[in-house]
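One letter stands for each residue in the lines below.
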Amino acid sequence: MKIKQLMRHSETYVLLIVILFSAFVTSVNPAFLTLENLFDLLRSSSGTAILAVGIFMVLLSGGVDVSSTTIAIVGQYISVNVLISTGIDNIFFAFAISIALGLSLGAINAVFVSLFKLPTLIVTLGTSSLYHGAMLEFVGTRAVNVGGLPQSIKDFGSLNVLEVARPDGSTFGLSVFFVILVAVLLLSWFILKYTMIGRGIYAIGGNLEAAKRAGFNTRRIQFFVYMYSGLLAGIMGVMHLSLIRYSNPNYLVGTELGVIAAVVLGGARISGGSGTLTGTMIGVALITILEKNLIMIGLSSYWQQFFVGLVLVMGVSITYLQAKLQKSGRQIIVKEEE
Amino acid sequence: MSDVFLEAKNISKTFVGVKALDNVDLTIGKGEIHCLIGENGSGKSTLIKIIGGVYRADSGTISIDGTELHGTQAIQSIRAGVQIIYQDLSLFPNLTVAENISVNQMLESNQQTVNWKSVRETARRALAEIGEDIDIDERVENLSVAKKQIIAISRALTQNAKLIIMDEATSAITSEEVKHLFSIIMQLKERGIAILFVSHKLSEVFEIAENITIIRDGKLVGVYPKEDLNEEKLTYIMTGRTLKFEPYRYDESLQAETPLLEVKNLSKKGQYRNINFKLQRGEILGVIGLIGSGRTEVVQSIFGLDASDSGSVYIDGTEVEIKNPRDGMRYGIAMLPEDRLTQGLFEAQSIGDNIVITVLKKFLKKAHLLDIRNKRQAEADWVEKLAIKTPTPDNPVNSLSGGNQQRVVLAKWLATDPKVFILDGPTIGIDIGSKHTIHEIIRDLARQGMGIIMISDEAQEILDNCNRVLVMANGQVVREIEDSTTISRDELLDVIAQRQVAGAEA
Chain A
1 MKIKQLMRHS ETYVLLIVIL FSAFVTSVNP AFLTLENLFD LLRSSSGTAI LAVGIFMVLL
61 SGGVDVSSTT IAIVGQYISV NVLISTGIDN IFFAFAISIA LGLSLGAINA VFVSLFKLPT
121 LIVTLGTSSL YHGAMLEFVG TRAVNVGGLP QSIKDFGSLN VLEVARPDGS TFGLSVFFVI
181 LVAVLLLSWF ILKYTMIGRG IYAIGGNLEA AKRAGFNTRR IQFFVYMYSG LLAGIMGVMH
241 LSLIRYSNPN YLVGTELGVI AAVVLGGARI SGGSGTLTGT MIGVALITIL EKNLIMIGLS
301 SYWQQFFVGL VLVMGVSITY LQAKLQKSGR QIIVKEEE
Chain B
1 MSDVFLEAKN ISKTFVGVKA LDNVDLTIGK GEIHCLIGEN GSGKSTLIKI IGGVYRADSG
61 TISIDGTELH GTQAIQSIRA GVQIIYQDLS LFPNLTVAEN ISVNQMLESN QQTVNWKSVR
121 ETARRALAEI GEDIDIDERV ENLSVAKKQI IAISRALTQN AKLIIMDEAT SAITSEEVKH
181 LFSIIMQLKE RGIAILFVSH KLSEVFEIAE NITIIRDGKL VGVYPKEDLN EEKLTYIMTG
241 RTLKFEPYRY DESLQAETPL LEVKNLSKKG QYRNINFKLQ RGEILGVIGL IGSGRTEVVQ
301 SIFGLDASDS GSVYIDGTEV EIKNPRDGMR YGIAMLPEDR LTQGLFEAQS IGDNIVITVL
361 KKFLKKAHLL DIRNKRQAEA DWVEKLAIKT PTPDNPVNSL SGGNQQRVVL AKWLATDPKV
421 FILDGPTIGI DIGSKHTIHE IIRDLARQGM GIIMISDEAQ EILDNCNRVL VMANGQVVRE
481 IEDSTTISRD ELLDVIAQRQ VAGAEA
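Those protein sequence lines, which keep their order, are chains A and B.
By the working numbering, the letter at position 72 of the first sequence is numbered 72, and the numbering carries on one by one without gaps.
By the working numbering, the letter at position 403 of the second sequence is numbered 403, and the numbering carries on one by one without gaps.
One should not assume that every hint holds.
[Claimed, not checked] DSSO-like cross-link-like pairs, simulated, lysine-lysine; straight-line CA separation at most 30 angstroms:
#1 B:K189 / B:K201
#2 B:K269 / A:K117
#3 A:K212 / B:K30
#4 B:K19 / A:K212
[Said to hold, decoys possible] Pulled a few chain B residues facing chain A out of the computed Cβ check, cut under 7 angstroms:
#5 I75
#6 F92
#7 P93
#8 T96
#9 L107
#10 S109
#11 Q112
#12 V114
#13 S118
Don't read these hints as lab results, they were simulated from the structure.
Quantities reported herein were computed from a predicted structural model and do not represent experimental measurements.
Positions of the beta carbon are idealized from the N, C-alpha and C atoms, including for glycine.
When you get a sec, could you build the whole thing from the sequences and use the hints?
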């Protein structure tokens with residue numbers, strides 16, 4: 001792709017910011033650009049990235065999903081409680097429960113969005129409060145700490161697919177989380193690019209009415225999108241649990257805006273129909289680096305919020321100004337009097 | 001096998017108590033170019049949506065090639081060879097040309113995955129069929145309306161269309177592009193594809209149609225071969241009344257020594273320069289020029305929307321400085337914007353609120369509260385004065401037809417009691433009956449001494465309604481026609497076009 005074309009995409013700018021910021025952090029603290037730190041970043045951000053993929057798909061379809069973090073915590077908290085109370089200490093069982101919950105809650109979102117045709121933001125705002133409140137009331141509010149956590153979940157959190165030895169003989173590794181992320185990305189990419197349902201997601205995001213007229217099953221597509229987002233949230237819930245080895249039913253709720261910000265930073269159009277998975281990953285990378293590494297250059301992590309906001313506002317402004325410039329470029333320019 | 005492709009019989013359809021269609025018939029022959037004509041709200045769109053299977057008729061039958069269609073699925077009409085190109089074209093702006101053209105075929109074949117090679121191949125073939133050359137990898141949102149239309153036609157062709165229905169296909173394209181579109185239509189006819197051309201532009205209908213079906217208020221008025229009609233007769237049949245056009249005569253007794261409005265050397269960098277003109281009480285001054293000629297920009301500056309760089313504006317002989325619309329309104333200037341929906345109306349709000357928005361201050365009582373009774377009285381008065389068709393001013397504006405919406409915008413500005421009224425495209429998208437009424441309102445205002453500046457794309461509209469005409473090109477006034485009766489429509493079109501060519505060479 002030509003440079004000029006690249007510069008038209010806002011994700012290019014975000015990537016530049018990521019690179020510049022990484023270079024800066026490295027110059028202050030060389031520990032940043034090490035394989036160990038990179039693996040650590042991948043392990044801790046894979047879950048967020050997976051959530052972001054789901055939210056990206058929803059944005060692409062012309063909607064917005066602010067309930068996916070809630071779905072993740074519901075999936076996590078219920079599955080860990082089921083594991084404890086049944087005594088079935090199996091990670092696949094945890095995933096199965098969390099995914100089933102994710103799919104169901106996503107389907108409920110889809111019912112409101114697709115059948116009742118309600119605004120997606122309002123629906124998911126409402127359902128997230130509904131899901132969370134119902135869980136706190138009917139399942140419980142007590143956090144599960146590491147001592148009470150099933151062994152399989154702890155094991156899964158420290159499972160590496162690649163081990164690297166440090167000079168002192170101890171090892172660090174690439175977490176299995178990264179493999180899950182790659183699998184999710186490949187699957188999502190294939191769906192979006194090579195299936196009719198994927199093209200349908202683009203189509204309804206671009207022009208819902210036209211999609212109906214063309215004969216897309218828009219209802220099915222919307223169900224797919226919200227259930228897929230729910231499914232990914234379910235997966236993320238269990239990953240998050242194995243990562244932090246602690247389940248607090250009030251965690252994750254409230255972080256959805258950060259994830260949406262990452263997706264928008266990555267160039268997904270908030271009005272739908274446009275964006276890429278690559279961009280989404282770049283957006284997540286930026287948010288993650290800001291979140292985890294400000295401390296490495298001696299800034300408090302509160303700066304993260306500030307920088308995310310700054311980059312978001314700048315990113316949106318650049319896109320807006322570009323569109324405005326393009327438009328004014330088409331106007332007739334009257335020559336000045338000689 | 002007969003020569004009839006589509007036969008719709010006794011179609012009726014009622015929406016929440018309103019009879020949209022009442023026993024309407026429509027017959028289209030194979031390879032025939034048929035026009036469906038009627039005013040806004042006459043039921044044209046409903047009829048084509050029923051043919052396309054989007055709506056189900058309450059009663060009546062539709063047969064294609066002698067076989068009756070059952071059910072309501074759009075897909076059945078599509079399989080039978082009916083393709084509708086809606087006014088909005090129903091394209092996906094975010095997808096490429098290739099995908100937009102191929103998407104229907106992909107859906108039709110019921111495939112679950114996408115073969116990109118065949119997507120591009122289909123698109124290339126469809127464009128080649130009508131001899132068009134468009135980059136198939138371009139996103140549709142970057143194309144002009146005319147090109148988008150070609151994409152929509154190409155898409156219809158991938159579906160083995162035997163009848164293509166075009167709904168108001170020419171409303172957003174230039175006359176040059178209309179010619180091109182018509183040549184494509186003729187080409188399709190040669191190949192045996194029938195066209196149903198839905199429009200309210202009479203001149204185009206006469207240019208292209210073989211037969212014309214006219215509907216009014218949901219009822220069939222008649223089917224005529226083109227040869228049996230002329231514009232006057234068609235207008236009469238369509239609207240149910242005779243519309244007489246008499247050019248507007250300026251009453252010279254209204255002329256004063258100091259003009260109502262005078263503009264001297266008005267310039268704005270990059271948009272227009274050295275604009276000079278006077279406007280007398282009772283005049284309707286036409287301003288015409290191609291889009292981009294600076295005509296809209298000039299009047300926007302006079303009203304205060306987009307201030308000029310240099311030059312001066314006089315009202316009643318006094319120089320005034322107008323920096324924003326508030327200034328403009330204070331000096332008695334009102335402006336009806338080109339796009340009434342986005343610039344002129346609060347769509348979801350009530351008709352009454354829209355009318356009085358410009359003069360809310362008038363209804364303030366002590367303590368800055370609104371005098372609701374006075375306000376409601378004023379609303380009702382305006383609805384009556386301009387004969388806005390609504391049971392109550394409390395209904396939302398978007399419940400009105402285009403012509404009635406335009407009257408709301410007129411009322412809103414008239415409420416400010418302006419001396420100078422600028423009208424930018426006062427009848428865009430309004431059908432012929434309402435258009436006539438709006439012209440009458442404008443003339444009445446001028447007769448009462450208001451100074452009016454009217455901008456329009458249509459040379460005929462300018463000649464019929466304006467006593468004096470300014471022609472603009474490349475940001476300048478290239479000709480002033482003192483008496484509009486001294487020039488014919490064709491001559492005026494020449495002036496507009498020639499100067500544009502000369503300007504390009506300079």
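### Query
Any hints this thing doesn't respect? Which numbers, in order?
2, 8, 10 and 13
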